[in-house]
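Asks: Sequence lines, in order, name chains A and B.
The first sequence begins at 1 in the working numbering and counts up one residue at a time.
The second sequence begins at 1 in the working numbering and counts up one residue at a time.
The set of hints was computed from the structure by calculation and includes no laboratory data.
Where is the CB? At the ideal position from N, CA and C, for every residue including glycine.
Just so you know, not all the hints are guaranteed correct.
Said to hold, decoys possible - Pairs of lysine to aspartate or glutamate residues, derived as DMTMM-like cross-links and limited to a Cα-Cα distance of at most 25 Å, are as follows: (1) A:Lys120 with A:Asp602; (2) A:Lys643 with B:Glu593; (3) B:Lys430 with A:Asp425.
To be verified - Pairwise CB distance ranges, derived in the manner of DEER restraints: (4) B:Gln408 with A:Val706: 22 to 32 Å; (5) A:Arg561 with B:Ala522: 25 to 35 Å; (6) A:Pro303 with B:Ala460: 26 to 36 Å; (7) A:Glu351 with B:Val58: 25 to 35 Å; (8) A:Gly57 with B:Gly301: 49 to 59 Å; (9) B:Gly301 with A:Glu347: 46 to 56 Å; (10) A:Leu645 with B:Asp212: 49 to 59 Å; (11) A:Arg26 with B:Val336: 47 to 57 Å; (12) B:Ala40 with A:Pro426: 41 to 51 Å; (13) B:Glu351 with A:Glu427: 43 to 53 Å; (14) B:Gly110 with A:Arg333: 22 to 32 Å; (15) A:Leu551 with B:Leu381: 42 to 52 Å.
2 protein chains.
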Amino acid sequence: MSELRDLTPLLKPRSIAILGATPDHRRVGGRPLPFLTKYAFPGAIYPVNPKHQAIDGVRCYANVGELPETPDMAIIAVPAARVLDAVRDCQDAGIPAMTVYTSGFAEMGGEGVALERALKDMVAEKGSLLCGPNCQGVANLNDRMCANFSTTLGYDDVAAGPVAFVSQSGLFAGIVAADCHARGLGIGYLVSTGNEVGVDFADVLAYAAADDRIRVVAGYMEGVRDAEKLRKAALVARAHGKPVVILKVGRGAESAAAAASHTGAMAGSYEVYRAAFRQWGIIEVDDITELFDLVELFSLGAPSSPGDRIGIVTNSGGIGVFSADKVGELGLRMAVFSPETRDAIAERIPEFGSPQNPVDFTLQAFSDPASVGWHIRHVVLDPNVDAVMVFFGVQMLNVAELVEEIKQAAALNDKPVVVCWMRGDPEGPKAFRAAGIPCFDDPLRALKALRALVTQGRIAATALDGEPVSATSATAAAARVAEAAGARLTSLGEQAAKAVLAEAGVPVTRSVLAGDADAAVAAAEKIGYPVALKVDSPDIAHKTEAGGVVLGLDTAAAVRRAHDRIMTRARAYAPDARIEGIGVHEMVSGAVELIVGIKRDDAFGPVVLVGAGGTLVEVMKDVELRVAPVGRAEAEAMVGALKCLPLLTGARGRPRADIAAVVDVIERLSALALAAPALKELDINPLMVMPEGEGARAADALITLVVEEE
Amino acid sequence: MSELRDLTPLLKPRSIAILGATPDHRRVGGRPLPFLTKYAFPGAIYPVNPKHQAIDGVRCYANVGELPETPDMAIIAVPAARVLDAVRDCQDAGIPAMTVYTSGFAEMGGEGVALERALKDMVAEKGSLLCGPNCQGVANLNDRMCANFSTTLGYDDVAAGPVAFVSQSGLFAGIVAADCHARGLGIGYLVSTGNEVGVDFADVLAYAAADDRIRVVAGYMEGVRDAEKLRKAALVARAHGKPVVILKVGRGAESAAAAASHTGAMAGSYEVYRAAFRQWGIIEVDDITELFDLVELFSLGAPSSPGDRIGIVTNSGGIGVFSADKVGELGLRMAVFSPETRDAIAERIPEFGSPQNPVDFTLQAFSDPASVGWHIRHVVLDPNVDAVMVFFGVQMLNVAELVEEIKQAAALNDKPVVVCWMRGDPEGPKAFRAAGIPCFDDPLRALKALRALVTQGRIAATALDGEPVSATSATAAAARVAEAAGARLTSLGEQAAKAVLAEAGVPVTRSVLAGDADAAVAAAEKIGYPVALKVDSPDIAHKTEAGGVVLGLDTAAAVRRAHDRIMTRARAYAPDARIEGIGVHEMVSGAVELIVGIKRDDAFGPVVLVGAGGTLVEVMKDVELRVAPVGRAEAEAMVGALKCLPLLTGARGRPRADIAAVVDVIERLSALALAAPALKELDINPLMVMPEGEGARAADALITLVVEEE
């Protein structure tokens, strides 16, 4: 599994059979023949339907066995009950690729689930390249192959071009095609993957990204079926320098349920998707318009931005102010022009304009486009500027001149230049796009486009993380976990969990498990006062809630009293709990508390997390997570992204905390998560982070284990 | 000050003079005559310019004194150096209203600032209704009065209608006009207020809101010059049931600087703007497209939504999933249909569709629009649904039928219905709008429109806060503050500040100011161990940083040691600080720490705030603020909006905290803030909030005072 497939027979077939072909164009089986003809498919087309001799003048065959050659791909548009037979016929005839339009599989529930399982088995057995079922099909317009029945492709003569779109929703792909068509952008691949029993999102992403004619791969995703394959596909795209833009839907519990009934359930937490996308260099968009805008942006070949300093040139002071707000809110910065730039612009700016960033040239574009070009060129050439937005509001004159000025400015170097053209001459956007300049109708959209270019620049500049820390220590710790799982334990209490951590090279606070009050006092004397006492039970996850924690004990009498009190409370709280004893723990002072841990995501597997600890954890979602493996750079980025970072960096007279020690713990947990598949969840809460140079220690820990079914 | 003006002479003049009129239409003085003529102004127009006998066939006068009658309004388009004279001429002639286009005032800095001050004085002295300077003027198209020189109004024949737009940016107003025109929406008022030396944003807002022909007042705002007037204007709009929609720009430090150079500086923190808008029932939008969309929404008379449960009907399962995500992210909820609704829809839904929310009717709109209408009607009638979005992607057929179906569904009751029409027949949006149905081209935009209707419903349903708590206690406390200010103190240390609080009825922790170590011990014995010792100095704001705080002292010896240590450290930290002594304080345990306080905003005056205390305050911006006066309901809303609310509501086995006591403190601070103008800032940090019924106590406090210039 997890191997990317070569989709050439599916996406660049030399000849195509159509099972279930019909002359009725209202039915999906009636569409492939006219669509293939309309887009001038260069190979042979073989309609297959025993009821017809010919369809639209093309000879029709009774069954696949009769075909004069073995086609590369078969479109299957027969009723659900006959799909398995049709697929078997194709397999028997040696057809390597199939596209199954038919619905009525897992998305229907009930019998459909069983039918889909049978189909999946057949596909796996023969290694067929099957797209679908429950999909609108595949198109590769650069090679004039349109086996996608989207209404849009039928209404409009959609141009071939550099956009690849992969969609887990059929109609959504049609909307994208319509949008590209409206903007004058050409489409290469338009693939609706449906229920993905064979070919999936990642296969198409990788195949399209490797095609030299493609400039951007975008997608609509409800869920991933094979996360490792998606990671590999993202790597392929990165290796080819192709931006990948994904709209992920089904984020919340409610919408995920809707997605399940749409193309079949796919699990996994949205937070993990976000993390994985960021780790793997996939640009995630938050809404549909942004998706369309980035498709435009990258398909026009906009260069990545070398940095986040934005220059703005506008005919409206108000829009300048608005844009400066948004630059900050989008995590970008307003460039500070060099004095030379300011002076040069000032030479030719109107009296009531502004030569500062944002440059306000007021009404100059009406009378003097050359001066507007002058301003833009100076901004583009300023070494303090990384990317430029030019805004025109209600500009009715001089479109051609302005396009030419901006084209020349953009050609001066490799910095991106985008235009916002708002409610002016309707010819504006077309003219800019035709000149290769991305053009949007709202400054926020234009700035989001620039943000994507900044992100893409960062992705390109980021080295892939090296190998994670040596797993030697992880192996020993993992063996301990495996042993516990083998003994059919469902969880490990504090002492056992800390033993695993110690084995994995994660420092833990000193503690002794005491069986009675005398032992507790002896332990306290050994550890040194003050100590904390905590109930140790694999069945009590929330010790504080159970009254099972007493802190700051500094005499033997206090330890004895606390011991008895905890036992009484814990028994009252959970009468059936297995109580291993009372843990006597070293108290650590002067530390910043974090939580660090491992979770196992249904879609992405082991995930490592770090977050604010103590009271903070309850009231703010200050958690960063990443899919394992997590290397040093990524672990540093995790800590750097925490909202509670100021507590670690020595703000307000505090000592700086040992961040390197936290990074080390994260890396070790990553290695442990990968080495110990039986480890379901691990929580270190809190990890006591000492001042710089003094390390970090796990003060409490809990492990839950995967329970294998018998 | 702060009184709203009757703008009838400015916005509904019976006759108009144009000072600086010229036959050159490229100059702003050349525009009013053709614009007034084009929009068929019904009254007399008097060009004034000694250089011409007539302009465009209309008799021209040498000066205002020559006019045959006193016009209601004069447009002033003379050079900046001559504006003062022109205004004086108008005043002398008894002209009540003026619109000054001319730039070159405060926005230019330097001499312009002095010129503007002189103009402002002249206007104030005579009570003229002056709009501008540095503005594009005023239009009231319902009365065929167009004295706004926006290019848009010149190019297009903009229809009269229910939209009022007030703008502190001239070009921005033109963009809005162009957008309304493109959507087929008519404009009533289009007013560019410029530098606002006389008439301001609030005046126009109130006047337009009171006009029966207006359905929505929207605005672009860089800053408010008179917050109290804005509050009154918002009340007028509320009394007339008119939604007010504002885009506030200049939020960050950088963009505020840009705004300052645009129409002259206006101060005030953006956070306070947000709070004031919410308090006063103003809908704030976050971007330009949303502004335009809400203008469309309200101008079409969309009803407010009775609640936040959204029903979605779509031809794309994918869009359904996306929309369900966004419903949650926008703070709305997906409606759960009644079984009757589900069953009724199921009767006529296609096989692969879904009768649940989101309803997915797949391709049914192509063949069977009546069934689509059936689904929508059932959703609209479901008692569990408050508002409805209908989505059509790439829908090319049956526009008229679908418009009719949705029109009928929307007429069934008072629930809002909006449409998203994405990349289909371009006639769709026009047809829906013509039928009074708001129509957007992106589902997120449609859902944001529904959110605005939910907000507007809440605004309409919210009673205005009653009078704040009796200010008797505040008066006494304020007297103490005034006394301190009179003594020219700049700040009050902990003991003095707590005395003010106690006077204002805010409980404080017990504490005694000790002059030496012996006194400290005596105080501790009296208060009861454990105690905290803190340095008390008006010059040391950050006591902890100064080493001036020691907590948890439980013996006389410990108190003595702590006293001496604190004195040594504080003297080292701030050798020149006035040290009032060492405060000996009661220790409170089991409390939740908040911060509560007063700030004085440059634009809005006294502001009351509450936020998370302790470590939380540093790492998360968990602060709610409101402009005083703050009544009980608003104070409760403040606490309810805190992220740290779970700490107060007894989550995870904690006792519930005394929220009522916090609300009481907020109300008392509001009263104090209003009663004590010399109080610049007050910080209670922390406010110790005890378990329910046990109150809240200020454990530390600091007051800074306004220093009057001599």
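Asks: Decide, hint by hint, whether the structure agrees.
Replies: Results for each hint:
1. Between the alpha carbons of A:Lys120 and A:Asp602 the distance comes to roughly 20 Å, so the proposed pair stays at or under 25 Å and holds.
2. Between A:Lys643 and B:Glu593 the CA atoms are separated by roughly 20 Å; this keeps the pair inside 25 Å, and the hint holds.
3. For the hint linking B:Lys430 to A:Asp425, the alpha-carbon distance of about 20 Å falls within 25 Å, and the restraint holds.
4. Taking the beta carbon of each, B:Gln408 and A:Val706 are about 56 Å apart, not inside 22 to 32 Å as hinted.
5. Taking the beta carbon of each, A:Arg561 and B:Ala522 are about 33 Å apart, inside 25 to 35 Å as hinted.
6. Between A:Pro303 and B:Ala460 the C-beta distance comes to about 50 Å, which lies outside the given range of 26 to 36 Å.
7. For the pair A:Glu351 and B:Val58, the beta carbons lie near 30 Å from each other, so the given range of 25 to 35 Å is met.
8. Restraint check, A:Gly57 to B:Gly301: a C-beta distance of roughly 55 Å satisfies the suggested window 49 to 59 Å.
9. With their beta carbons about 52 Å apart, B:Gly301 and A:Glu347 fall inside the hinted range of 46 to 56 Å.
10. The given range of 49 to 59 Å is respected by A:Leu645 and B:Asp212, whose C-beta atoms sit roughly 55 Å from each other.
11. Look at A:Arg26 against B:Val336: about 35 Å separates their beta carbons, and that is not inside 47 to 57 Å.
12. At roughly 28 Å, the beta carbons of B:Ala40 and A:Pro426 sit outside the given window of 41 to 51 Å.
13. Between B:Glu351 and A:Glu427 the CB atoms are about 46 Å apart, so this pair conforms to the stated range of 43 to 53 Å.
14. A beta carbon spacing of about 29 Å between B:Gly110 and A:Arg333 agrees with the range 22 to 32 Å that was offered as a hint.
15. In this structure, A:Leu551 and B:Leu381 break the distance hint of 42 to 52 Å, their C-beta atoms being roughly 59 Å apart.
Hint check: violations occur at hints 4, 6, 11, 12 and 15; the rest are consistent with the structure.
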